[in-house]
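K.L.:
Residues per chain are reported as follows:
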Amino acid sequence: MIVEHLELVDFRNYVTGSFDLHSGTTLVIGDNGQGKTNLAEALAFLATLSSFRSAPTEALIRAGSAAAIIRATVRQDDGRETLIEVELATPGRNRVQVNRQKLARVRDLLGAVRVTVFSPDDLILVKGGPGDRRRFMDDTLVALATKYDNVRLEIDRIVRQRNTLLKQAGGRLTDEIEVTLDVWDAKFAEIADQFGYARATLVARLNPMVHEAYEQLAGVPTPLELQYEPAWRSSGLVAALAAARQLDVRRGVSTVGPHRDELSMTINGLPSRTHASQGEQRTLALALRLAGHRLVTERTGGAPVLVLDDVLSELDDHRATALLDHLPAGQVVITTASELPPAAHADHVLRVVAGNVSQD
Amino acid sequence: MAGNYTAPVQVLIDELGRLPGIGPKSAQRIAFHLLKVPTEDATRLAFAITDAKARVRFCERCFNVSEGALCPICNDDARDTSKVCVVEESRDIVAIEKTGEFRGRYHVLLGAMSPLEGIGPEQLKIRELIARIEPEGIEEIILCTNPNTEGEVTAMYLARLLKPIGLTVTRIASGLPVGGDLEYADELTLGRALEGRRTVD
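Top line first, the protein sequences correspond to chains S and G.
By the count of the numbering used here, the first sequence reaches residue 360 at its end, each step adding exactly one.
By the count of the numbering used here, the second sequence reaches residue 561 at its end, each step adding exactly one.
Do not rely on the hints blindly, as some may be mistaken.
[Claimed, not checked] Straight-line distance between alpha carbons at most 30 Å, and here's what the computed DSS-like set of lysine-lysine pairs gives:
#, chain 1, residue 1, chain 2, residue 2
1, S, Lys102, S, Lys127
2, G, Lys385, S, Lys167
3, G, Lys385, G, Lys443
4, G, Lys385, S, Lys102
5, G, Lys385, G, Lys458
6, G, Lys485, G, Lys458
[Claimed, not checked] Distance windows between CB atoms, simulated:
#, chain 1, residue 1, chain 2, residue 2, range
7, G, Val560, S, Thr222, 39 to 45 Å
8, S, Pro56, G, Leu395, 49 to 55 Å
9, G, Arg451, S, Gln246, 40 to 46 Å
Keep in mind that the hints were calculated from the coordinates and are not lab data.
Bear in mind that the values here come from a model prediction, so they are computed numbers and not experimental data.
Note that the Cβ used here is the ideal one computed from N, Cα and C, for glycine as well.
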């Protein structure tokens, strides 16, 4: 699947912007603050209906405008062409049209355009908290099968309901609370056991791919491992919740479950969050994204668009060249403020100056 | 939103805005519409509201909306008293009645378990349901709560409560709309329908 044409109206700093994109590697060059990342953000928005910079809708609409439009012509692998139009408005709801037909539910767009983004912020995959790594696992699952988006929302809801119930108990475990907790726990476990299995399978498949991607970037073999082994999975969540019940009631929160899981990562047997160098952490974060991208490509039978936002400035020349040498097949968009390392090569070059685009 | 209108208008807008599904903009539009229509139209609406509020109450047995002590369904002698269909709201009864497939009685819980909204088993009409079993000779209870998280949990709670009493407890099936196309079904419904598949004779 590739995005052939992208048009922006009142999106971020673009009054109007029009980009012809191609398969292969497109380099988007521009000084800081000219709109390179905004272009990457618009592409990614089509895939997730949210900003990868976690910006609220207001921030995406150009100051002084009531609405922004992202319009994309997408060519599927089988040759079909789809026109996707997203209108962001505030106040008001986002609207989505596919081939000029309005979608009843905006969420139905999920899965129609698939995009993998790597940005400098992704360093949090290594340096951030467990929640950042859970989001990586879950976002990758959603990219593999959109049903996981519903699963994830339902787990959030059950945890919120259960925590409220625990707070209402006020530290006392009455018979009535016991019986009510029993049913919430049963419902929680029914979904969480499946989700835990999905995460574990995902991590098992990602492990060799992260390893390989890291080695290609670093240029040397490096012992590296991802581990997802929450204790509750060995007994099942119902048993784990029962064991933690006294504690949960005392603290008024759910202390066990998929919402507390950690994906731990080690380099040379040492935790990468605390022991790896800055360069190793950047390389690992990039390797995680590239592995996720490869898994989604292999499992869904088509490569998502790979967007590498301002990644070259973060890597030394050696690693930048290694990255460009090993780029996966499919459409790749790279934004950068500087020219490419001499050994590298791009198929197309776009130059962005203050929201205006020219083609080399 | 701070009121910029003369007091009675703002009160009307605020009251309308408290209704479910009515946002500030709709409330404003309805308020100005009501101010424009002939007085008797507005009075008729006001009367309809107060009249319904005064005459309609909950059925003493099943908590359906009713004009008398018992609702028309509970008063209907032709109904099969051994089967009771448990629903969250009165409006669910209307939906099931339209099918013409069910000839038993109903029981309205007046909600579903949701700690976030402060609703636990005690807030629902569950004790009242248990009290009906003996005197009415109920043998089967069909759980027709909504197929969402809260509805499922409520159904699970009731099943655990009712099965030990020796009743037949069933749950309404989830699945595909009749007359629809498979390809247009959302993946959640289709997944549920696959789970609940049955053998064909």
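K.L.:
Hints first: check each against the structure and report whether it holds.
P.N.:
Hint check:
no.: 1; hint: S/Lys102 with S/Lys127; result: 41 Å, violated
no.: 2; hint: G/Lys385 with S/Lys167; result: 36 Å, violated
no.: 3; hint: G/Lys385 with G/Lys443; result: 45 Å, violated
no.: 4; hint: G/Lys385 with S/Lys102; result: 23 Å, holds
no.: 5; hint: G/Lys385 with G/Lys458; result: 34 Å, violated
no.: 6; hint: G/Lys485 with G/Lys458; result: 24 Å, holds
no.: 7; hint: G/Val560 with S/Thr222: 39 to 45 Å; result: 56 Å, violated
no.: 8; hint: S/Pro56 with G/Leu395: 49 to 55 Å; result: 36 Å, violated
no.: 9; hint: G/Arg451 with S/Gln246: 40 to 46 Å; result: 41 Å, holds
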